[in-house]
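**Student:** Next come the chains, spelled out residue by residue.
Number of protein chains: 2
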Amino acid sequence: MNQKMQWLRNQLLSLNLQGMIVTNPVNIRYLTNIQAEGILLVTRKENIFITDGRYIEDVHNTLTLFDEIVVYDVRGLTKDDYENFFMFCENVGFEEDYVTYSKYKEYIRKYKINNLVETENMIEKQRMIKDEEEIGYIRKACQITDECFEYISNYIKPGMTEKQIAKEINEYFYKNSDGLAFETIVASGENSSKPHAIPTDRQIQKDDVILIDMGCRVNGYCSDMSRTILFGQVPQYVKQIYDLVLKNQEQVLKEVKENSNTKLIAKMVDNDFRLNNYDLIHALGHGVGLDIHEDPVLSFNSEHILKENMIVTDEPGIYIAGQFGVRIEDTIRITKDGCEVLTNSPK
Amino acid sequence: MNQKMQWLRNQLLSLNLQGMIVTNPVNIRYLTNIQAEGILLVTRKENIFITDGRYIEDVHNTLTLFDEIVVYDVRGLTKDDYENFFMFCENVGFEEDYVTYSKYKEYIRKYKINNLVETENMIEKQRMIKDEEEIGYIRKACQITDECFEYISNYIKPGMTEKQIAKEINEYFYKNSDGLAFETIVASGENSSKPHAIPTDRQIQKDDVILIDMGCRVNGYCSDMSRTILFGQVPQYVKQIYDLVLKNQEQVLKEVKENSNTKLIAKMVDNDFRLNNYDLIHALGHGVGLDIHEDPVLSFNSEHILKENMIVTDEPGIYIAGQFGVRIEDTIRITKDGCEVLTNSPK
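The listed protein sequences correspond, in order, to chains R and P. Residue numbering for the first sequence follows this note's numbering, starting at 1 and increasing by one per position. Residue numbering for the second sequence follows this note's numbering, starting at 1 and increasing by one per position.
FYI, nobody ran anything at the bench for these hints, they're computed from the structure. Keep in mind that a hint or two might mislead.
Intra- or inter-copy, both count: the list cannot distinguish identical chains.
[Said to hold, decoys possible] Okay, derived cross-link-like pairs now, EDC-like style, lysine to aspartate or glutamate, Cα gap no bigger than 16 Å in a straight line:
1. Lys45 - Glu133
2. Lys103 - Glu118
3. Lys254 - Glu90
4. Lys103 - Glu340
5. Lys105 - Glu190
6. Lys79 - Glu106
7. Lys112 - Asp80
8. Lys257 - Asp73
9. Lys163 - Asp178
10. Lys307 - Asp131
11. Lys267 - Asp131
12. Lys175 - Asp201
13. Lys103 - Asp73
14. Lys105 - Glu118
15. Lys257 - Glu303
Computed from a prediction, not measured in an experiment: that's the story for all the values here.
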């Protein structure tokens, strides 16, 4: 059995759970490498993956005997099979943040479970700390992102549309990585005031603000980087806001390390923005891994203590409605006494 | 207030619900046209959309006074605000197939709701029947899909990779529609035996089976079409299976109409496959709309009665593990006495 499944079994033991139903596909991939629709049951004796005809062949190709996972086709399972899986289990864990209310009721009925127990995102929490292999994938994804940014910086010319630039970034990622980590944002001029803008047919002007937010995947693991390009001559107050965002973004890079409190870091940036009459309207950052947004969130609404080998973003932004926006973002790895910046494109 | 929101309010009245929490973003888009993260509250007096700073500007641009929707920034809401929304409501509906178990518990606590009631996918059920505007979007998406297929049929040459062909399809859709309805499948040779294949670097051979499953979006509404191309000379047994799939696919087109029972239609195909020692390993079809897969499912595991202006796929397939697969799929609109086939590429 692999290390991650072994970790899960030890967790279940320590929590007095005799079984668990894992349904979040990202958690299933994390634990087993399986990328298929289905459900992972950890029972007293076995690890079971239930899937359907569309995926059986693929799953068999992914797994080896070493994985110790039994694969079932959902169409071959009877009412009795389901009731037997967790027989003699007093407590069975489930993912309350992922399972819908109707599935929750269905599980109790279908598996005849005495006590279906919330597991408080224990797998997501474990996923926050990356091992060497995971760090390697993210480092590679960040490197490709830097290379893409260098390429695109030379590519952008006045008259091009946001869509055209986004398409060029996407093609670069499709060619050089395993695909996009999320829908690429290219937002120029007044469009950049929307933190979540979708590329439009707006053409880049001779003097313009261009906000690019992009990331790719390597073996499922994501990178995430934003840069705001001040193209040509922009008004002085745009530069002032750029400098304010950059100052705070770099301050965070200087201050984070193992045991930093995420709430305090986010508050530090928000306070400085407020001193200048602006607001931090979204989180300062988020974890990055198999999901583009995962724990921990770096925000003054929640509190996490950073640990070594967490990989998170640092992405303060200021947005002036209808005018422009500035966001600068790096993906970083937390270390014992600071951080390793994984995206290194010029700011 | 628009017709769809008015419909929802009437539904709530008839179900003795004094309010509802709508959380499925596709349902929110369907009802309000809003495309943003957030939550729609239908209270006794008001329609409320709660979102965050990233979307406020966009949401305001989408809505007009006629919509009668009040927009709140989540950061401005207090504990009291939440508790007031559903004050004096005895029963409040929620989407049990969409809301997680932990959100369910949070809603009860946060909104102080007496009775949070399952609504049995009533919005999804309403979405099954399309109005003229929705049909127009899907018809347009299907037309673009046909044009793309004609283009790609002439484009494919031996030596090209599956990825290359998929990329060409994707670019066509990005250029001519609002984007992909789902990840394009181009699966050739033995790869076509996986119903859910991801395009690889495998090159098209002189004599080959190529399965293409593709669809685009127009104003959010999807098209869905599969064709299996027998390229050059393929063995006789491949042709036999192709003919068996095609015969059944066309039989369905002939037989469906308003009041058809989906279980019986799927059983008809499965029976014919079984007579020939094959299996229908996935559903025969599914509804198409703002979601690429929506109700009704056409499968022998579930039972729906088709109604006029439902839009569904007809997509039987046979897969020989490790060798090849054949799937032929059209998007169709159910009519009073038959169906209108919306995708018309040659088979």
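**Student:** Would you mind marking each hint as holding or not holding in the structure?
**Tutor:** Taking the hints in turn, this is what the structure says about them:
no. : hint            : result
1   : Lys45 - Glu133  : neither (29 Å within a copy, 55 Å between copies)
2   : Lys103 - Glu118 : both (14 Å within a copy, 13 Å between copies)
3   : Lys254 - Glu90  : neither (49 Å within a copy, 53 Å between copies)
4   : Lys103 - Glu340 : neither (41 Å within a copy, 36 Å between copies)
5   : Lys105 - Glu190 : neither (48 Å within a copy, 40 Å between copies)
6   : Lys79 - Glu106  : within (13 Å within a copy, 32 Å between copies)
7   : Lys112 - Asp80  : within (10 Å within a copy, 40 Å between copies)
8   : Lys257 - Asp73  : neither (46 Å within a copy, 32 Å between copies)
9   : Lys163 - Asp178 : between (21 Å within a copy, 12 Å between copies)
10  : Lys307 - Asp131 : within (12 Å within a copy, 53 Å between copies)
11  : Lys267 - Asp131 : neither (29 Å within a copy, 49 Å between copies)
12  : Lys175 - Asp201 : between (24 Å within a copy, 11 Å between copies)
13  : Lys103 - Asp73  : neither (19 Å within a copy, 31 Å between copies)
14  : Lys105 - Glu118 : both (13 Å within a copy, 12 Å between copies)
15  : Lys257 - Glu303 : within (15 Å within a copy, 57 Å between copies)
This entry does not satisfy hints 1, 3, 4, 5, 8, 11 and 13, going by the numbered hints stated previously.
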